[in-house]
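Undergrad: Here are the chains, one letter per residue:
There are 2 protein chains.
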Amino acid sequence: MNTLRVALLGCGVVGSEIARQMVEHADDLAARVGARLELAGIAVRRLDRDRSDTGVDPTLFTTDAVELVSRDDVDAVVEVIGGIDPARSLILTAMEQGKSVVTANKALLADDGFALHAAAEKHDVDLYYEAAVAGAIPLLRPLRESLVGDHVNRVLGIVNGTTNYILDQMDTHGAGFAEALEEAQALGYAEADPTTDVEGYDAAAKAAILAGIAFHSPVTLADVHREGMSGVTASDVASAKAMGSVVKLLAICELAPEGDAVGVRVHPAMIPREHPLAGVRGAYNAVFVEAEYAGQLMFYGPGAGGAPTASAVLGDVVTVARNRLGGVTGPGGSWYAERPVRPTGETVTRYHISLDVADRPGVLAAVAAVFAEQGVSIETVRQRTEDSGDAELVVVTHQATDDALSATVRGLTDLATVRDVMSVMRVEGE
Amino acid sequence: MNTLRVALLGCGVVGSEIARQMVEHADDLAARVGARLELAGIAVRRLDRDRSDTGVDPTLFTTDAVELVSRDDVDAVVEVIGGIDPARSLILTAMEQGKSVVTANKALLADDGFALHAAAEKHDVDLYYEAAVAGAIPLLRPLRESLVGDHVNRVLGIVNGTTNYILDQMDTHGAGFAEALEEAQALGYAEADPTTDVEGYDAAAKAAILAGIAFHSPVTLADVHREGMSGVTASDVASAKAMGSVVKLLAICELAPEGDAVGVRVHPAMIPREHPLAGVRGAYNAVFVEAEYAGQLMFYGPGAGGAPTASAVLGDVVTVARNRLGGVTGPGGSWYAERPVRPTGETVTRYHISLDVADRPGVLAAVAAVFAEQGVSIETVRQRTEDSGDAELVVVTHQATDDALSATVRGLTDLATVRDVMSVMRVEGE
Chain A
1 MNTLRVALLG CGVVGSEIAR QMVEHADDLA ARVGARLELA GIAVRRLDRD
51 RSDTGVDPTL FTTDAVELVS RDDVDAVVEV IGGIDPARSL ILTAMEQGKS
101 VVTANKALLA DDGFALHAAA EKHDVDLYYE AAVAGAIPLL RPLRESLVGD
151 HVNRVLGIVN GTTNYILDQM DTHGAGFAEA LEEAQALGYA EADPTTDVEG
201 YDAAAKAAIL AGIAFHSPVT LADVHREGMS GVTASDVASA KAMGSVVKLL
251 AICELAPEGD AVGVRVHPAM IPREHPLAGV RGAYNAVFVE AEYAGQLMFY
301 GPGAGGAPTA SAVLGDVVTV ARNRLGGVTG PGGSWYAERP VRPTGETVTR
351 YHISLDVADR PGVLAAVAAV FAEQGVSIET VRQRTEDSGD AELVVVTHQA
401 TDDALSATVR GLTDLATVRD VMSVMRVEGE
Chain B
1 MNTLRVALLG CGVVGSEIAR QMVEHADDLA ARVGARLELA GIAVRRLDRD
51 RSDTGVDPTL FTTDAVELVS RDDVDAVVEV IGGIDPARSL ILTAMEQGKS
101 VVTANKALLA DDGFALHAAA EKHDVDLYYE AAVAGAIPLL RPLRESLVGD
151 HVNRVLGIVN GTTNYILDQM DTHGAGFAEA LEEAQALGYA EADPTTDVEG
201 YDAAAKAAIL AGIAFHSPVT LADVHREGMS GVTASDVASA KAMGSVVKLL
251 AICELAPEGD AVGVRVHPAM IPREHPLAGV RGAYNAVFVE AEYAGQLMFY
301 GPGAGGAPTA SAVLGDVVTV ARNRLGGVTG PGGSWYAERP VRPTGETVTR
351 YHISLDVADR PGVLAAVAAV FAEQGVSIET VRQRTEDSGD AELVVVTHQA
401 TDDALSATVR GLTDLATVRD VMSVMRVEGE
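Line by line, the protein sequences are chains A and B. With UniProt numbering, letter number 151 in the first sequence gets 151, and the count goes up by one each step, no holes. With UniProt numbering, letter number 12 in the second sequence gets 12, and the count goes up by one each step, no holes.
Hints were generated in silico from the structure; no laboratory data involved. Take the hints with a grain of salt, since some may be wrong.
Since the list gives no way to pick out one identical chain from another, each pair is judged satisfied if it fits inside one copy or across any two copies.
[Stated by the list, open to error] In the SDA-like style, the derived pairs of lysine to any residue whose C-alpha atoms are separated by at most 25 Å in a straight line are: (1) 122 to 36; (2) 122 to 342; (3) 241 to 349; (4) 122 to 359; (5) 122 to 225; (6) 241 to 331; (7) 241 to 97; (8) 122 to 325; (9) 122 to 28.
Use the sequences and the hints to build the structure in full.
TA: Have a look at this one:
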């Protein structure tokens, strides 16, 4: 039986799991690949850490990643260092040396996936990255291969477990954002500095990757309209509940109605409780796909964690190894449709707006006039009067553009009877 | 640009959709394959039917399927006739002539998938069948390719839309089986003769295919323990509701705890409402996968219908076409693990048992003694006394084998105080 040699870059939570699984299940992997997979070396930053739990021969560790990816006896390189540099240059060096690459690096792929794909094509090697979006959930391969005969219209994803955990706590226990975040941090679901998650940067990188694949068009992180969820209040969540909805941080990739442009955005949104995404609890991820012929699909599972991410990486490693044995490469990047990214202002959706208003006659008429001026049609208005004489007005609109909505909000702010526009949230999934 | 020619066998609901999609999206498909896909011919039983809605050149229709699959200028054959014969012989003839095959034929694959895979391997052609299980849901490819580096422990599937629709109606509206079936028939979700669906034959074929792929072992329809759902009563559904559960017809494929055998069964079961499968409504399908590293995954979507099934078939056609251009074949059947199928009696699960008993002292003691004799441990007992002096006893057990449970039921039947064992249902997904 042949042997294929794999270089591993990084031996943190994910890397050590990959090494462990490769050692533990070597015979099964060999039967599935048709060749034995052997670890050629593992690049780490420091050699003095105890890594005996991985079961890996200690002589395999090295601090010279560049030398490792250039070795003649390495067939494939697995990159789980993360971040832009030196990951990018190591991947490019590996490809130049004819090695196929498997990576979980969403930041790098969202930043410049085309250059990586172009390099892979130039050097006739594979580039796979199932683990980069929604962890263990088989998602990119189904989109790239299973749905390749179909036409995706829309992708709605819960692709960040931290924020889903926080929002789920807020929904279930009525907790405020700060309290729920603290709990998530205590449980290890959120980082000490949670910015990347709660401000939507992580989800935005994944949205860019998803949109590119779903619409066969070049999309980067810079194209994604991003709003975080740190501003979501207990009152927003309660208001969503009152209308039979739940607040989720969504990555939304959609084709414009004419099919000639792509919209990509990340923001908190209200979705109806009957929507399959509404039932995604805790730190789980799920991606809902609307395709022209297949209809509504959903892919659900753990979006992070060492073992799940390693599972996705190893699936790619097996594929890369099989391709190498067959002397071929898999389907590469596909951007032939070259659809441009639509300006955010042209996004069409529904909105939920909470206003703090004076409780006196004529307020509703004045508010309604502002919506009418901008051509934004109102679906429902709910008014809640408090003993203090203040009132909360909750308006849910029909479909309108982001531009029209922004103009409406500016108009509302200018009204003397409107004390505050307390929140504006999109309503999706209907 | 190259052209690859596809022969289509069958032009019913699915076949006509495939033809229509190939014509409508010819340019997109060409961009994705890297070659134009052309319909070489369509085998039908009768030529005198109007098929102008497909947009297909009428001269392409033929009644000579054998000649069509043998033509020199055909690269791939798509079989959507269904049934065992002549589908089997046409597929084998196509392979002998060097054509790759895409099929949606679950009956044939569950009957003898190994022979088909062996023929594909012998003639160095592809065999793909994503549409055979759970329609449009990308499932077989994720199991065969994305999870290939992982180890599946269990698959729980709602893989028959008809029975899910019926059970959902019973759960939502308290309808009885007969009433819900009638409604399903009126809406076109159930056939006039619903046997294949309600007695679990359709789900059993899919279970056999899933088990074979998930456990890399040869499993056929004959290996599947099958119980239909026509015996599920409104009272069973209400009882499930009372314990926070819902009744679903499940296809269950699982590895024995020691990993040395495979269990495959189809039967109605109660699952907790918090389980992701519990929320699968109407005629939708979903498959829940438990893998060693990836954890809990779910794949959700439409399990049937012309357009969704055609989407899955076309995904396979694109893959087969790409492989052909690259001069390779994809990963074939994988049965290396050769795990035997475990006898049904060794299945371990929990049970929900309803007994019609006389309402007098000592009944519970006698009933409990029968369970104890067989080593079946009771988790909860609930008694409901009626004015008539009858009582219903609902027993939920801890885990026990099917053999022990059967012996228990025989013992209960023999008790003078037990008038009837009204229902026995497995409890899964906990």
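Undergrad: Compare the structure with each hint and give your call.
TA: Outcome of the hint check:
Taking the shortest Cα distances, residue 122 and residue 36 sit within 25 Å of each other only across copies (24 Å), while inside one copy they are farther apart (27 Å). When the C-alpha separation of residue 122 and residue 342 is checked against a cutoff of 25 Å, the pair qualifies neither within a copy, at 30 Å, nor between copies, at 50 Å. For the homomeric pair residue 241 and residue 349, the shortest alpha-carbon distance inside one copy (19 Å) is at most 25 Å, but the shortest distance between copies (37 Å) is not. Taking the shortest Cα distances, residue 122 and residue 359 never come within 25 Å of each other, neither inside one copy (67 Å) nor across copies (81 Å).
In the homo-oligomer, the alpha carbons of residue 122 and residue 225 never lie at most 25 Å apart, since the shortest distance is 32 Å inside one protomer and 52 Å across protomers. Taking CA atoms no more than 25 Å apart as the test, residue 241 paired with residue 331 passes in neither setting, with 44 Å inside one copy and 48 Å between copies. Taking the shortest Cα distances, residue 241 and residue 97 never come within 25 Å of each other, neither inside one copy (56 Å) nor across copies (61 Å). Taking the shortest alpha-carbon separations for residue 122 and residue 325, both the intra-copy value of 19 Å and the inter-copy value of 18 Å come in at or below 25 Å.
Taking the closest pair of Cα atoms, residue 122 and residue 28 come within 25 Å of each other only across two copies (24 Å); inside a single copy the shortest separation is 33 Å, beyond that limit.
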